[in-house]
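Engineer: The primary structure of each chain is shown beneath.
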Amino acid sequence: MSLPQDEIDHYKRNLPRAFAAPLSLRLRRGTLALGFAALVAWCLYAFGFSPERIWNGLGRLGRVLGFMFPPHIWTDPEDIADIAKGLGETLAMAFLGTLLGALVAFPLSFLGAKNINRFTPLRFGVRRGFDVIRALETLIVALVFIRAFGLGPLAGVLAIAVGEVGVLAKLFAEAIENTAEKPQEGVVAAGGSRPQAIRIGLMPQIWPVLLSITLYNFESNVRTGTILGIVGAGGIGFLLSDRIGAYRWGEAWSIIFLIIILVYVIDWLSARIRARFIGKWEGVR
Amino acid sequence: MLLEVRNVSRVFGAKTAVDRMSFTLDKPGFLGIIGRSGAGKSTFLRLVNRLTGASGGEIRFRGKNVLALRGAEMRAWQSQCAMIFQQFNLVPRMDVASNVLHGLLNRRSTLATMFSLWSDADIHRALEILDRLGIAEQAAKRAEALSGGQQQRVAIARALMQDPAIILADEPIASLDPMNAQIVMDSLRRIHDEDGRTVIANLHTLDTARRYCDRVIGMRDGRIVFDGRPDQLSAAVAREIYGANEHFSEAATSTSIDVLEPGDAELLPA
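So the sequence lines, in the order shown, correspond to chains U and S.
Letter by letter, the first sequence follows residues 74 to 358 of my numbering.
Letter by letter, the second sequence follows residues 14 to 283 of my numbering.
In case anyone wonders, no lab produced these hints; they're calculated from the structure.
Restraint ranges, calculated between C-beta atoms of paired labels, are given here:
1. S/Leu140 <-> U/Ala344: 31 to 39 Å
2. S/Asp206 <-> U/Pro180: 43 to 51 Å
3. U/Asp340 <-> S/Asp133: 42 to 50 Å
4. U/Ile346 <-> S/Met14: 53 to 61 Å
Using N, Cα and C, we set each Cβ at its ideal position, and we do this for glycine too.
Based on the sequences and whatever the hints tell you, model everything.
Structural biologist: What follows is the structure in structure tokens.
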């Protein structure tokens, strides 16, 4: 069942776009593809991606990885106390930083939510404020705070808290904007005031989302906290950078394993907490 | 005079949703408003409850113009005229009893309501009302765990908790299956018969209106095109309300409730 050629020609005349894109469009696509390929090639050249360097690097990487096994096990009680203190400090920094950030972000998020703050200039200003905070990487904030508050966990906690305000306020505001209007309408129609509508009609909708976001950020901050330690803001990261600097790779790897286990445990724990609050839990009152 | 609606209009941009509507209700009744989607039925109920502002006119309840009320006075009026919605508008993550207690929001201190602090007497009354609607055993469940018909009965319970003079029901059965639609309409009718509360219900179809209402108002394009007893709803009136299309008018006269077979009544709670 083949079409007669004149019918095909008829369609080609009337619907040329169904057969091929116009020449200008094909040219533009071709130019873009070429430009993209040139950019990639230049980047590879500029950063010295030569097969020889990659090969030599892989050899050294293999030696470093070789220190993983057997894992170093600390026997000196003083060493064990040091490591435990470092891990605990990182965990505590992440916990306190996330909590402080969430406490400040919660009220701010209402100012940034379209369905609560209908005064556009204020909402716009608050939102841009969140953006500015987020634009500052936590690591940079930490470097500044170490100058201001001195070396140690205090600078780390404050750096995490400040960073979290920007992130959590934005995410909380979006959670508030994503709520259904109808429960609030029900409250207002029954004679409820606007604060009552927000408290009763809106907040029950956002609790699980807020909890979920905050728990995830806590977990993420445990990882961030490790890096903050490397620049001197306390925690396990300091011990890690110390061991790497001294070429004690066996110990460094064991610290990395402990960090992975810590993050895994937190992930498991937050999944349990989330399930408890979001699942079939009925003890609402 | 219980309720006096005079020249009430509501304009949304270029569209006039409610166009100089007028009618009076001199004693408590069960009033049905019928019409196609977009005829202005919902907008009218929302005007009465003050969820939407009017563009003009007056709605007088026992002589007082409720459209002029502001702030606390307006909220007091809202608590007197309870509203029931097509989508129930409950707080899904809260338990049934709490949702019913929300009918008291205007009568209890803001602080207490913010922390869900209700007296035992209030909780007892909420349970009594739920029992009257046959769903007391669901009181501790989350609202979202209930079926649509049960949720609508929770919404009716919340309305009763407000001890309202008027109950406004905006398409109360449009999202429900035939059996639940009948339970909900029967409940509303019983509330009118037993408590003497006025019910104004927006209904899609002639047949539900014929079956439950003492008086029917037909709306088309924001205007009242029929106002009379249900037995006056002739085929000609249906065409006037639902449009010239004969087929459509006929379809509109049969309701979901008609689908029930006579024997199904035994399945319904007494």
